[in-house]
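Colleague: If you read the protein sequences in the order shown, they are chains Y and R.
So for the first sequence, my numbering puts the first residue at 1; every next one is plus one.
So for the second sequence, my numbering puts the first residue at 1001; every next one is plus one.
Fair warning: there could be bad hints in the mix.
No farther apart than 25 Å at their CA atoms in a straight line, the calculated lysine to any residue pairs in the SDA-like style are these [as the list claims (entries may be wrong)]:
hint	chain 1	residue 1	chain 2	residue 2
1	R	Lys1331	Y	His94
2	R	Lys1331	Y	Gly115
3	R	Lys1331	Y	Leu64
4	R	Lys1331	R	Arg1471
5	R	Lys1331	Y	Ala140
I should point out that these hints are in silico values taken from the structure, not numbers from a laboratory.
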Amino acid sequence: MLRLLARGSGHHSLTEIADSLGLARGTAHGILRTLQRVEFVEQDQATSRYRLGAALLHLGTSYLDANELRSRSTNWADTLAARSGQEVRIGMHHDGAVLVVHHVFRPDDSVQTLGIGAMLPLHATALGKVLLAYDPDLSAATRRRELTSLTRRTITRTQALERVLTEVRSQGWAGEAEEYMPGEASIAAPIRIPGGLVVGAIGISGTVDRLCDSAGRPRATLVRQVCQAAESVTTSLVDEN
Amino acid sequence: MAIDQGTTSTRCIVFDRNARLVAVAQREHRQYHPKPGWVEQDAVEIWRNVDRIMPQALRQAGITADQVVALGITNQRETFVLWDRHTGVPVGRAIVWEDIRTEELVARLQKQPGIEEVRERCGLPLATYFSAPSLRWLLDNVAGLRAKAERGDVLFGTMDTWLIWNLTGGVNGGLHVTDVTNASRTMLMNLATRRWDPMLLDFFGVPASMLPEIRPSSEISGRTTRVVPGISITAALGDQHAALFGQTCFEKGSIKGTYGTGGFLLMNTGTELVRSNHGLLTTIGYQIGSEPTYALEGSIAVAGSLVQWFRDNLGLIHSAPEIETLARTVKDNGGCYIVPAFSGLFAPHWLAQARGIVVGLTSYINKGHLARAVLEATGWQTREVVDAMNADLGAPTPVLKVDGGMTADHLLMQFIADVLNIPVMRPLVAETVSLGAAYAAGLAAGYWPDLEGLRRNWHLAARWNPAMETRHREDEYANWKRAVELTFAWARSTPPST
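Start from the sequences, fold in the hints, and give me the full structure.
Modeller: Structure (structure tokens):
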């Protein structure tokens, strides 16, 4: 379908596309809608004809601008901070670490420092675990390096990290308690662009007693709030694209 | 609950006691450009949008009308509509603040005797975007309108007035009221008495019979009988005034800056009416109870719209936020400055003929430097306005509270902190306009006890601390000022077109 649109006039109606490729119209329409969602195909508003989308040109380069992500997610990050009462960070992978692209203070008016631009370790933070869990190349690269021990709870064995990442993928979020800093914990969930690719993570961090229950597990309410925020950001990336 | 009737859309937002956002419903309305420079909106379409979004917001929040403590209305300022008192049908479309059809009329009025007195009484310079010149234009150009207005058959209202009249019954006893902040943007209200001023009405030739009653911001005292009946309407404020209130800028000397398409800075000057000697507008910040709180306003005409221009007209970025990415590809502006005087310079210069310039170009300058210069322009324009405010008040402001879409631009916020040399603070609730209207409404209804109670709801989401060396800042500011002066020179050397 993409090859068809890439040659000749480049503008085709649904019927032309279905007939040319020998597909049922319903099938062709379904495929086109999927391609449209990930911006590989665009539909002309006036003529209803299809053509190649702008996203194809950027295929393989960067998927989402970090400042764009901050701008799109500000409202949801604020809502998460207000609901959870914790500080919120949004992270993207950069150069073997988590780059903090957005930071919202814990809403208790204590003195805090804006951490936008800071780099966090991938293997010891909830944000980082999310980024690792959904990026096979990144997790493979991390496995080849030594996992630095930051506290006595930091995961330093690659097999153990692998197990944790499998768990992250199955539950859809990541947690961590005292693996990065003693007394501190964090929870994070994935942000996806249309098509499902994970491009970042949004999460909260705070003291262990605020984030975890008596058994040391992340509190279910907070996990739900983080996952909801991640979904809202994901949806906003679909809506406005 | 707040209804924010803005320039491009109308929103209905429900907040809880902790000022957290519970539901948002929004609908855009059409902009009409029947002739060059004319900007109109359909007041009936806006009313229909309110009819849809109010129930929608209630559904989203999962509440019923009786659970709504109070409704506050906030609106785009200066935009107004005229309508027939007996049928509720508008006389033509609403004239929007951006409309410049009165350019000639304003030039003519400028020469009329009493013009100095006008500024003295209403606090505003004569300009196309305030309501009075456009109202005068309609009275002069629509056949039979003046006679109907004099008989009291045609009513005037800014958008708050239009919505309140309709919500409280329309032709069946709808309230014809406005609040002091909205009235303060018409050029027809006396700032000191807070009443329609006979001299101003006379100057603009406006019959008093068509004007609404002016009330304090928190004494609207209406009750909805349509759309969702039974909700108390207790407050109304112009959007920028609502943002000042929503940012809890209650102390004299506190400033808020809203950064969107343009930039709007308002400083609370307390109970004292401060007349600016530095090119700012005097306006009413808000009036809760019997005493008004005055404010000084400085508007930056082109802020976010410069980024849009950079995106749409130069095509150097795909989306507005990418300007920051591009700006970060270089470490400084490389000696390049952009003064975006697209339609003249606003506060504090007020030079309508000035036009934009890009200066300091060398073969070294690349698009990264231009991106920096674009963002820095908003920073320096903020500095000029804040300097003027400090000078008028005689004391420096300690912090700048910011809101609006551009606060997501980390580089810009840091730059503003750097050039003002004070911390820039962003609150957790980004919707400060709606929140301000909800606050005024809830305060009037006794939902929140006092201003202190509101202040406790303000939480810091981000703070940028100044980190620029004094020497560097002053050198850069001097360069900016020279660039601004060059736009004056350009204005002088070319006669105004049109």
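Colleague: Looking at the structure, which of the earlier hints fail to hold?
Modeller: 5
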